[in-house]
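Assemble chain B onto chain A, guided by the hints.
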Amino acid sequence: MSKKIAFKTLGCRLNQYETDSLVSQFIENGYQIVEFDEKADAYIVNTCTVTNQGDKRSRYAFNNVIKRNIDAKLIVTGCMATQYKDKLEDEKAINFVVDNNHKANIFDLLDSYFKGESFALNEDERSVFSFLPAKDTFHTRSMIKVQDGCDNFCTYCIVPKVRGRAISRPINDIILNINQVLDFGFKEIVLTGVNITRYDYNGLSFHDLIEKIVEIPRDFRLRISSVEPEGFTPKLFELLQHTKVAPHLHLCLQSGSDKILLQMRRFYTLAQFKGIVQKIREKRPDFNFTTDIIVGFPSESDKDFEETLQAIEEIGFSHIHTFKYSKRNHTRAARMPEQTDEKLKTSRSEQVRVLGELKKRNYRASFIGKTQSVLVEKFQKKVASGYGENYIPIKFTANEVAENEFYNVRIIGIESGEDPNLLAELI
Amino acid sequence: MIKPSVEKNVRISNLIDIRKLTNSAFVLRFEKHDLSFTAGQHIALGIPDIIDTREYSIYSAENDEAMEVLIKEVEEGFMSPKFGKLVVGQKVKVMKPVGYFTINKDYLQSKRFVFIASGTGIAPFHSIIKSYPDINYSILHGIRTSEEAYERNEYTAGKYIACTSRDKNGDFHGRVTDYLQQNSIDTQAIYYLCGNYEMIDEAYGILEKAGVKPENLKAEVYF
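These protein sequence lines are chains A and B, in that order.
Position in the first sequence (first residue = 1) + 1 = this note's numbering.
Position in the second sequence (first residue = 1) + 205 = this note's numbering.
The following block holds chain A by itself, in its conformation from the complex (with noise of 0.2 Å):
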């Protein structure tokens, strides 16, 4: 009988591709995949530790397995993993703690270890691009890592310290990559990578990147996803416009206020940051951009947070990630002075919150009577669902439609509730 797999992700899209690309290993080398509240012979938690909140839900997921006091196997990998390694390794319950520059090998580990066999993870190998084209995966678009690690320090950041330098995935290696995912028959490409827009392989940058991806002949819809406010080239704004690529960018603000981004060690004030969200809207008006904010940063006036509720307001993101500021030791900003109280950051989040909800429906409501391509991801009852380019989660009735497949539609209408799907009829 095959062995059973359950996997626990937290965290980032990166975190998210490397647990496709071992999920996918695993069921082609004849492994089960069942879900992490069900008895299985390992559990794999791949960890995040960004945020307190990360740190608290990565041990959360892998507590819950040793109180439930089963007799398989507990993997802890990510970045969590990776911060406090020694610490963890020390954990009994715990049978392997593997660091990012390992997770690549997690499938070799542990299948290595239920045949009896011996398997030493390499400790000069670096292997963040050895991860294998995802087949299976938990989603319909496929993720393609390009890039790994940053240079940025931003003071608040212990990404630097837990994903390491900045490294590019070589251009040959990611069309290759993106080919066999399409011969999978994935329609959509997400880039991932902890910081893309300084992609840089061989004097390559990120628009030459884009091009190559976009010059590739086959039919697919190409989403960039998260970016940082660097690296817009008059080349990479072009592209932007291309009909390969999707009208979205999760493109990261943090802060309203241009004290705080100095604080933070940003490289763009807002002014910057607004500029960037015009030329692209100039010719895309419906563009659809997101974005992280940090709420409590030390130091953060109210001036600076309602500098930032009006950069909201002003540039009108659809979704937002609020973070409330967390202390991580060995970053720049731990030791600032005036530390934001933890209920003054709670209160802005929330304050956030509301407006983002109130954002996200306006932006969803302008799209009543437009068009979009769905890319579907289920139908059941005779309603898919699905996301349109613009990143917007879409539902239409039909008597016939095909998972991942495109459908044109007209929106029609929209749902109440936090997070509405828009209503479509097929065209």
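Among the hints, a few may not be true.
Claimed, not checked - Just a few of them, taken from the derived set where beta-carbon distance is under 8 Å, the chain B residues facing chain A: (1) Val303; (2) Tyr305; (3) Ile405; (4) Asp406; (5) Tyr409; (6) Phe428.
Derived by calculation from the structure, the hints in this document are not laboratory data.
Quick caveat, the model's predicted, so the values are computed rather than measured.
Yeah, the Cβ is synthetic: ideal placement off N, Cα and C, and Gly gets one too.
Showing chain B alone in chain A's frame:
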């Protein structure tokens, strides 16, 4: 213990020289090993067996045989007093240089650069000027007293302007932002700002208002 992933980026260097510039400021000179860098980048500097490190812009030129950083000792600081107590021959831990506060070499022949620094924020500009001796530049250095005009004779006469806020022995009495407000601003130049965020924030505002394009403004904040 240093994680293997980080270890590859670390070098342990012998301290070669310590140049005392003022009672609290000094230049540490240490072995460079194979660490190459672009002028304007920074390193994280530490002491073996102490987990904490601190970031410093590189003060020396790209082609120098050794590497230098400019440090101001902060009395209540954790690391800077420890760096201040080091003696020649002791070891420091040097992380691989990083950073994007660098010069676009395409502009070296055609553009004028204005460097604006407060305190030890002059370090990356010292490195840039020493690395590219033909660069067309001027430098505004905001300091409290003229004593803090670190190694001013290293700069071409007339190109270095010490803006002293607490004595009148500099080239201009007042802060660098006062200087900017009282003098004409070259809107075609490329501006690099390095120092505390209050200075950068204020100078940004002045320069943008004067008509300097945002793409011609670059900043590196010091804490």
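Now the hints, each set against the structure:
1. Val303: holds, 4 Å
2. Tyr305: holds, 7 Å
3. Ile405: holds, 6 Å
4. Asp406: Since chain A brings a Cβ to about 5 Å from Asp406(B), closer than 8 Å, the hint holds.
5. Tyr409: holds, 7 Å
6. Phe428: holds, 6 Å
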